[in-house]
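Q: Chains C and Y are the protein sequences, given in the same order.
Take 11 as the starting number for the first sequence in my numbering and just add one per residue.
Take 40 as the starting number for the second sequence in my numbering and just add one per residue.
Nothing false has been slipped in among the hints.
The list that follows gives simulated cross-link-like pairs (lysine-lysine, BS3-like), each with its CA atoms no further than 25 Å apart:
(1) Y:K382 to C:K458
(2) Y:K166 to Y:K385
(3) C:K275 to C:K330
(4) C:K72 to C:K458
(5) Y:K110 to Y:K294
(6) Y:K269 to Y:K234
(7) C:K72 to Y:K382
(8) Y:K382 to Y:K166
(9) Y:K385 to C:K458
I should point out that these hints are in silico values taken from the structure, not numbers from a laboratory.
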Amino acid sequence: METAALFSELESIYPPDRLLGGRAELAAFESDGLTAFSVTPRAVVIPETADEVVRTVRLCHKHNVPFVARGSGTSLSGGSLPIAEGIVIALNRLNRILELDPQRRIAVVEPGAVNLDVSRQAQVHGLHYAPDPSSQQVCTIGGNVAFNSGGAHCLKYGMTANHVLGIKAVLANGELIELGGDSLEQTGPDWVGLFVGNEGLFGVAIEVTLRLLPRPESYYTVLAGYESVEAAGDAVARIVSSGLLPGAMEIMDALAIEAAVAAVKSEYPPGAEAVLIVELDGPSDLIDAESRRLDELIRDSGAVGVHVATSPEERATIWKGRKSAFSAVGRLSPDFIVQDGVVPRRKLGYALRRIDTLSKARGLRVANVFHAGDGNLHPLILYNGRNEGELERAEELAGEIIGLCIELGGSITGEHGIGMEKRDFLSRMFTDDDIDAFRRIRVALDPKEIANRGKMFPGGEPPAMASGGLHPLEKKGVISRE
Amino acid sequence: MKPASVEEVQDAVTRHARLLPHGRATKPPLGSAPEEVVRLDMTGFSTITEYEPDEFTFTAGSGASLREIEKTLSENCQYLPFEPPLIDEGASLGGTVAAGLSGSGRLRFGGVRDFVIGARFVDGTGKLVHGGGKVVKNAAGFDLPKLMVGGMGRLGVLIDLTFKVFPAPRAWRSIRVSCRDFADALGVMTTLAGKPLDPEAMDIEPPATLMVRVAGDDASIDKHAERVGKTADRPYEILPPEDDRSHWESGRNFKWVPDGHLLIKVALTPARLAGLEQALLPADPPRRYAVAGNLAWIAWPADRPAEDLDLAGLGGMVVRGPLPSDASPRLGARQHGAAAFAKCIKTALDPQNRFPPLI
Ligand SMILES: Cc1cc2nc3c(=O)[nH]c(=O)nc-3n(C[C@H](O)[C@H](O)[C@H](O)COP(=O)(O)OP(=O)(O)OC[C@H]3O[C@@H](n4cnc5c(N)ncnc54)[C@H](O)[C@@H]3O)c2cc1C
Numbered sequence: 011m012e013t014a015a016l017f018s019e020l021e022s023i024y025p026p027d028r029l030l031g032g033r034a035e036l037a038a039f040e041s042d043g044l045t046a047f048s049v050t051p052r053a054v055v056i057p058e059t060a061d062e063v064v065r066t067v068r069l070c071h072k073h074n075v076p077f078v079a080r081g082s083g084t085s086l087s088g089g090s091l092p093i094a095e096g097i098v099i100a101l102n103r104l105n106r107i108l109e110l111d112p113q114r115r116i117a118v119v120e121p122g123a124v125n126l127d128v129s130r131q132a133q134v135h136g137l138h139y140a141p142d143p144s145s146q147q148v149c150t151i152g153g154n155v156a157f158n159s160g161g162a163h164c165l166k167y168g169m170t171a172n173h174v175l176g177i178k179a180v181l182a183n184g185e186l187i188e189l190g191g192d193s194l195e196q197t198g199p200d201w202v203g204l205f206v207g208n209e210g211l212f213g214v215a216i217e218v219t220l221r222l223l224p225r226p227e228s229y230y231t232v233l234a235g236y237e238s239v240e241a242a243g244d245a246v247a248r249i250v251s252s253g254l255l256p257g258a259m260e261i262m263d264a265l266a267i268e269a270a271v272a273a274v275k276s277e278y279p280p281g282a283e284a285v286l287i288v289e290l291d292g293p294s295d296l297i298d299a300e301s302r303r304l305d306e307l308i309r310d311s312g313a314v315g316v317h318v319a320t321s322p323e324e325r326a327t328i329w330k331g332r333k334s335a336f337s338a339v340g341r342l343s344p345d346f347i348v349q350d351g352v353v354p355r356r357k358l359g360y361a362l363r364r365i366d367t368l369s370k371a372r373g374l375r376v377a378n379v380f381h382a383g384d385g386n387l388h389p390l391i392l393y394n395g396r397n398e399g400e401l402e403r404a405e406e407l408a409g410e411i412i413g414l415c416i417e418l419g420g421s422i423t424g425e426h427g428i429g430m431e432k433r434d435f436l437s438r439m440f441t442d443d444d445i446d447a448f449r450r451i452r453v454a455l456d457p458k459e460i461a462n463r464g465k466m467f468p469g470g471e472p473p474a475m476a477s478g479g480l481h482p483l484e485k486k487g488v489i490s491r492e
Numbered sequence: 040m041k042p043a044s045v046e047e048v049q050d051a052v053t054r055h056a057r058l059l060p061h062g063r064a065t066k067p068p069l070g071s072a073p074e075e076v077v078r079l080d081m082t083g084f085s086t087i088t089e090y091e092p093d094e095f096t097f098t099a100g101s102g103a104s105l106r107e108i109e110k111t112l113s114e115n116c117q118y119l120p121f122e123p124p125l126i127d128e129g130a131s132l133g134g135t136v137a138a139g140l141s142g143s144g145r146l147r148f149g150g151v152r153d154f155v156i157g158a159r160f161v162d163g164t165g166k167l168v169h170g171g172g173k174v175v176k177n178a179a180g181f182d183l184p185k186l187m188v189g190g191m192g193r194l195g196v197l198i199d200l201t202f203k204v205f206p207a208p209r210a211w212r213s214i215r216v217s218c219r220d221f222a223d224a225l226g227v228m229t230t231l232a233g234k235p236l237d238p239e240a241m242d243i244e245p246p247a248t249l250m251v252r253v254a255g256d257d258a259s260i261d262k263h264a265e266r267v268g269k270t271a272d273r274p275y276e277i278l279p280p281e282d283d284r285s286h287w288e289s290g291r292n293f294k295w296v297p298d299g300h301l302l303i304k305v306a307l308t309p310a311r312l313a314g315l316e317q318a319l320l321p322a323d324p325p326r327r328y329a330v331a332g333n334l335a336w337i338a339w340p341a342d343r344p345a346e347d348l349d350l351a352g353l354g355g356m357v358v359r360g361p362l363p364s365d366a367s368p369r370l371g372a373r374q375h376g377a378a379a380f381a382k383c384i385k386t387a388l389d390p391q392n393r394f395p396p397l398i
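Using the sequences provided together with the hints, build the complete structure.
A: Here is the structure:
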């Protein structure tokens, strides 16, 4: 590693205000959404052009210095956690929407473009960008691409990968590549499909072409209360097997309800131990008919109270309660860990019961707010880091929950990625040969393993523990988590 | 050679210097190789190994017949929305993934790449590798299942695949819109595609017919189909349900392609459609433009030199028809931006080039 040599070359690219090295300046980049950990990088560079990114990566390659690309630093798995001996490439100023073509229904954006900004600009043309992580007000398209981020509407619309048509990137080996294009179709291997979800281990995406969809004409949003989480889970199974394909199906349990009520004054059916939110979207004539089927299904599902949104404002209120639930739960406790394992949908009820048993055994509270439609759990483990041994117990419980997801035939992560946090679980889901194939791909693209070194693959030094709790932006109420 | 177990596949891969897998051989041009290869017939892996209707996922061997899979799914009112092509001809699951083929229905919910969620394959080193998983949402590890889409068997031998499926709509309707000319059809298509009408499929049959398919509930489908017709603002007819089905079935099985013709797939965008049509007009081969201008299928007489085919600067892939086995199925322009990436991935998974070069 030749850090000094790298720095003198970086100085020829960046003016001092975009090449940060002072302790105080670096502090803002020490952590990401996995706030329990922090690492101080050697430096942070703030490129303003794609060319600066390319030159920076090539220099890192030349001098063998690791780097971490960073969007808004909202990763919940420690994906954008810096590397002590490396640099951070902060992409927030590369946030232009370079092209938005309503006729072709595509947007070409820089990696630092914020997710919601794309939808906002598309809205003028009656279009939107479908993937909607709850962090969408701040998270970047580059981060979404790296993690194949999801949101509440994956059941019908899929993840980020389903909406990315083309990617320009600089590989960690310095090569400039252009994958895909602007067609929905292709005649060769799905390179874009492989690139999405690489967790920043291939290089840096510098331009992304996104597919835009017409905004649904109408929504039918129902909130139903149930006497237990299992009953809500059963309702989900019933709706799915009826042949309806809702845009979203979300469940909140009692603790989450309690927190949402306290935080945003949401109102829920009295006596409900769980609430289910189901949303149909589509052309109004079709939704009219489907909504009648949904009403019947919910009526027969033993709901203790049902509320149908009759205006866009009521719909927004329902979603506000849902989207703020996690941060609201976070406020109930000084510290928490959030997991995002996936279980087969028919095993949701069983998984929730087991999580309850596990949480009682460890003496820690767990709130559940999750994407029920696709089996993606989001158990939030509450603990107090100041109490001796509580963090360790919380981590053990998190490990047990991840183990449960694997045991049930699911996945250790639905949308937050492996990052730093779950790298030691990768080998519980994949064999040595599987991981070896991942590694061969990584090394072929990044022979010096400088791109986001220490992430995703098992092993490596654990970074220093820091505080815990809410992401700084959550504390300010700017974003909330799912 | 027809392996019957994963071990036999691994053995074949480690034992032979050059080999290439195939499914039910419905797309022979994609099996072209510049030198002699041992051909691995994967139809020994033809069973649906797991199917949980409540879970809306299934796992099946790469040689499994898609027709059988569709039949099993339809018994449970489920389907693969991307309308895999050539199923009457016997297309296999693995062949469809490897060829990266989706039909007209990919417009609404995505193509084969968007529905494959797990894959097991034997790579060029003989190792059994699995990527993805069996649940509909999963972000763990690199997305190898997507990498297998369009790999044409040159990155690994597919053993089995896991897919997510969707509930089948209760009713379908197709609207045949008669436009004034090609430019008009293109204009109407662009207008409809920008509206929140949720079409399942939208194809142009040159010169001036626009076919739109919508899906929904029995109670609302007629009204919705009328609405699409009225929005098109051109003379239209709603196909009777019997004709509807046969129209799309004949489309995806390419019954419209005359004997002795090559079937060529071209990926494009609506913005390049007019240019392609212009270039094709002099030779006037049978053709269809599917997926709202994202996919062209062209039938080209095999005895006519391929150089006569002007693809207006686009690239094409011969997927069917009598092509010499050593001829590349690639036609027209090639995109080079991915070359460096492709080389790295190919080397990583197949360091000794046991499989033929990527096409
Ligand atoms: C409150 C809250 C709610 C959330 N809700 C959701 C949710 O609903 N669904 C969901 O999926 N996630 C959610 N997340 C997680 C997070 O927002 C997503 O993972 C998001 O995509 C990260 O974007 P970012 O810009 O913050 O990326 P960062 O955290 O900065 O980076 C994430 C990863 O991407 C890499 N990266 C960033 N840019 C590039 C680039 N240009 N090229 C290559 N690699 C790059 C980084 O190295 C890192 O590994 C939530 C997080 C928070 C804090």
